[in-house]
Amino acid sequence: MSAPASTAHAPGHELEQSKFWIFVQLAMLLAVITGLELVTVYLPFMKWILISALVVLSTVKFMFVIFYFMHLRWDKAFCTILFFIGLILAGGTMWALLKLFGVADSKPLTMLEPSAIVQAA
Amino acid sequence: MSSTAAAGTIDHHHDSTTVTGIPNKKLLMWAFLASDCMFFGCLISTHLIYRLHPPPGTPNARDVFSIELTSFSTFILLMSSLMMALAVNSIQKGNLKSLRWSLLTTILFGLIFLGCQVYEFRNFVYEKHLTITNSILGTTFFTLTGTHGLHVLIGVIWLTAMLIYSFTGRLTEKDSIDVESMGLYWHFVDIVWIVIFTAVYLLEYI
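Those protein sequence lines, which keep their order, are chains A and B.
For the first sequence, the working numbering begins at 1 and goes up steadily by one.
For the second sequence, the working numbering begins at 1001 and goes up steadily by one.
By construction, these hints were calculated from the structure, which means they are not laboratory data.
Note that the structure is a prediction, hence the values are computed from the model and not measured.
Where is the CB? At the ideal position from N, CA and C, for every residue including glycine.
Where hints are given, some of them may not hold.
Ranges between beta-carbon positions, derived for each pair [stated by the list, open to error]: (1) A:Val55 <-> B:Thr1058: 19 to 27 Å; (2) B:Gly1094 <-> A:Lys99: 25 to 33 Å; (3) B:Ile1067 <-> A:Met28: 20 to 28 Å; (4) B:Glu1204 <-> A:Ile22: 16 to 24 Å; (5) A:Lys99 <-> B:Tyr1205: 23 to 31 Å; (6) A:Leu100 <-> B:Gly1115: 37 to 45 Å.
Computed cross-link-like contacts, DSS-like style, restricted to lysine-lysine with a CA-CA straight-line distance of at most 27 Å [said to hold, decoys possible]: (7) A:Lys19 <-> B:Lys1093; (8) B:Lys1093 <-> A:Lys76; (9) A:Lys47 <-> A:Lys107; (10) B:Lys1174 <-> B:Lys1093; (11) A:Lys19 <-> B:Lys1097; (12) B:Lys1025 <-> B:Lys1128; (13) A:Lys99 <-> A:Lys47; (14) A:Lys76 <-> B:Lys1025; (15) A:Lys19 <-> B:Lys1174; (16) A:Lys19 <-> B:Lys1128; (17) A:Lys107 <-> A:Lys19; (18) B:Lys1174 <-> B:Lys1097; (19) B:Lys1093 <-> B:Lys1025; (20) B:Lys1174 <-> A:Lys76; (21) B:Lys1025 <-> B:Lys1174.
Here are some chain B residues pointing at chain A (derived, C-beta under 7 Å) [claimed, not checked]: (22) Phe1032; (23) Ala1034; (24) His1047; (25) Ile1049; (26) His1053; (27) Leu1078; (28) Leu1184; (29) Ile1191; (30) Ile1206.
Looking at chain A on its own, in the form it has when it is part of the complex (with noise of 0.2 Å):
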């Protein structure tokens, strides 16, 4: 009776204990992705490549996190559906209030010189 028991676990059981060696790597993935975005920014390239870098780095790590800490690479789709509904009107916002606020005119009017100050208004 046993058998067929032990059987029927062995799927379940072999992935948690597959779960416990990609967590532990992944962790070590992690710190190493920390490591080159430190790199980066001491890098002698143009700025735009360094940005894009580091952008790419953290979303890297984001999505690591996200699908394998927090599991939604084995839950559900709705959850990665509902999480990413909250993180692509985050991104929005963000992205709109900094081509909203980034622009020249936006420019607080206190660093503006005083006859640009009377010339604006």
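Model the placement of chain B on the given structure of chain A, informed by the hints.
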């Protein structure tokens, strides 16, 4: 109320008793985290906007920040995430002893992170003379990182409560969703820090 498979193993990722097939506690936590994304998104973009147009007299962030300390904090928080993932793995296997050690280590790492943040804040205020009121950099920086720190503190309190609860004998494999929900919150705190580390700290060094 996790569903049980025919062989008696508990399926920790699906719940046949709910319409969505997802345990209600997990669904609630994901909805909360989605809303918290928007909260932190606003705080981070506010900080970045004021960094794009710093008013006159704003101190140079590069002279204020300590990248070594922040990198250490980041590493500690990543390791705490590993221990939290192992804690969830332990309760799903019904291994209470391993759960307790993993929770204890996560709490310890969380406290180290908070200690680093307190040290950093003290250093900024007393050595670098950057306060929440004397410059826009201080206002946005302390609001953002302080809010994150508050999330970490809440997480540490939650972890401690769960650790104490595990000694009552009422925490079993069937209640793994409670530990998993707490784990989701803790990992979220980690992913927010991943973004803060890049957007607030590393970008200043380019």
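Is B:Lys1174 within 27 Å of B:Lys1097, Cα to Cα? holds, 16 Å
Could you grab the alpha-carbon distance between B:Lys1174 and B:Lys1093 and see if it respects the 27 Å cut-off? holds, 10 Å
Hint B:Ile1049 vs chain A: min CB-CB distance below 7 Å? holds, 4 Å
Given a hint of 25 to 33 Å, does the C-beta separation of B:Gly1094 and A:Lys99 actually sit inside it? violated, 51 Å
Tell me if the straight-line CA distance from B:Lys1093 to B:Lys1025 falls inside 27 Å. holds, 20 Å
Using the nearest Cβ pair, does B:Ile1206 come within less than 7 Å of chain A? holds, 5 Å
Next pair to validate is A:Lys19 with B:Lys1128; report whether the Cα-Cα distance is within 27 Å. Roughly 45 Å separates the two Cα atoms, so the pair is violated.
Given a cut of 7 Å on the nearest C-beta pair, is the interface hint for B:His1053 held or broken against chain A? Interface hint status for B:His1053: holds (5 Å vs cutoff 7 Å).
Regarding the pair A:Lys99 and A:Lys47, is the alpha-carbon distance no greater than 27 Å? Distance of about 19 Å is within 27 Å: holds.
Taking the closest Cβ pair, is B:Ala1034 under 7 Å from chain A? The hint holds - B:Ala1034 has a Cβ within 7 Å of chain A, the shortest such distance being about 3 Å.
Falls inside 23 to 31 Å, the C-beta gap from A:Lys99 to B:Tyr1205? At 24 Å between Cβs, range holds.
Below or equal to 27 Å on CA atoms is what counts here, so check B:Lys1093 against A:Lys76. holds, 20 Å
Violated hints, in rising order: 2, 4, 12, 16, 17, 22 and 24; the structure is consistent with all others.
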